[in-house]
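Engineer: Residues per chain, in single letters:
Number of protein chains: 2
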Amino acid sequence: MAAKAGNSVGGVLPHPHVIGNAFAQHYYKILNESPEDVHKFYHDESILGRKPNSDGTLTSITTMRDINKHFVSTYLKGCSMQIDNVDSQPSHEGGVLVLVSGSFTVPDAMKRRFTQSFFLAPQKGGYFVLNDVLRYIPVEPGN
Amino acid sequence: MAAKAGNSVGGVLPHPHVIGNAFAQHYYKILNESPEDVHKFYHDESILGRKPNSDGTLTSITTMRDINKHFVSTYLKGCSMQIDNVDSQPSHEGGVLVLVSGSFTVPDAMKRRFTQSFFLAPQKGGYFVLNDVLRYIPVEPGN
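Going down the list, the sequences are from chains B and U.
Using full-length UniProt numbering, you'd call the opening residue of the first sequence number 1 and step up by one each time.
Using full-length UniProt numbering, you'd call the opening residue of the second sequence number 1 and step up by one each time.
One or more of the hints may lead you astray.
Straight-line alpha carbon distances no greater than 30 Å define the calculated DSSO-like cross-link-like pairs of lysine-lysine that follow [claimed, not checked]: (1) 40(U) <-> 51(B); (2) 124(U) <-> 40(U); (3) 40(U) <-> 29(B); (4) 51(U) <-> 111(B).
Derived from the structure by calculation, the hints contain no laboratory data.
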C-alpha cells in the first residue's frame with residue numbers, strides 16, 4: 001500500500017506537506033479500521049521502533065511478516081485517535097520526514113499521548129515507510 | 001560542526017544508536033551553552049521546522065545564516081534541559097533518523113515538553129542535520 005503522490009500532475013511532485021498529510025490521514029484510518037492491512041505501508045527492510053527494552057532502547061521490528069504480526073496483536077482497532085499535528089519536510093534523496101503528535105484512547109483506559117516519526121522513502125508511484133519510531137509521552141503528576 | 005562518527009574503526013560504521021546518542025549529547029550541550037554555534041550542525045539546504053503559523057503548519061527556516069539568527073534569538077542558554085529518550089534508526093541512503101523527547105525549563109517559566117525529529121545526512125567524516133522538526137507537547141488540564 002503505497003502512499004500515493006496523488007496530486008502529482010505531469011511529473012510535478014506535490015509539496016511534502018500534501019504528501020505527509022495524505023499519508024497520515026490514510027495510515028491512521030487503516031490502523032484504526034483494519035490493522036491487518038497496515039503492514040502494506042512497509043517493505044521488508046523497513047524498521048519499526050516500538051516497546052522499550054530494559055535498557056530503554058526501543059525494540060526494532062523488521063520484515064513485513066513481523067511488522068504484520070505486531071499490528072494484528074496491538075489492539076488499536078476502534079480506539080479513539082486524535083492527531084494534533086502532522087509536520088512534513090522534504091528529505092534526503094527524495095524522501096519525506098514526517099513527525100506526528102497525537103493521542104490514542106482505548107476504551108476503559110486513559111488517553112495516551114504519542115509522538116511518531118516516519119521516513120517515507122520514494123518508490124515507483126509513491127512512497128513506503130522505511131522508518132517508524134513511536135514513543136508514548138509520560139503523564140506527569142501535577143501537569 | 002559535523003556529528004562525528006567517533007567510534008568508526010577501519011571503515012566500520014558505528015551503530016545508529018551510537019551516532020544518535022553522540023549527536024544528541026553534543027547538540028543539546030551546545031544549544032544550552034553556546035547557541036551561537038548550533039548552526040554549525042546544519043548546512044544551507046537544511047530545514048528547521050519551528051513556530052506554528054496561523055494555519056498550524058510550522059515555519060521553515062533554511063540557510064545557515066537564518067538558522068543562526070533563529071538560535072541566537074531563541075533564549076535557551078542556561079535553561080534546564082531534560083532529555084528523556086533518543087531513538088535512532090539507520091535510514092535512507094546512509095542517513096540516520098533520530099527522535100528525541102524531553103523538556104526545557106526556562107527560569108521563571110513552566111516546563112515545556114517537546115518532541116524533535118532529526119534526519120542526519122551523511123557527509124565526509126560524519127553527518128549534518130538535514131531535517132529538524134520541533135513541536136511542543138500541549139499541557140492538558142486534568143493530566
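Engineer: Look at each hint and say if it fits the structure.
Structural biologist: Here's how the hints hold up against the structure:
no. : hint             : verdict
1   : 40(U) <-> 51(B)  : violated (34 Å)
2   : 124(U) <-> 40(U) : holds (15 Å)
3   : 40(U) <-> 29(B)  : violated (40 Å)
4   : 51(U) <-> 111(B) : holds (26 Å)
Checked against the numbered hints given earlier, the structure breaks hints 1, 3 and satisfies all the rest.
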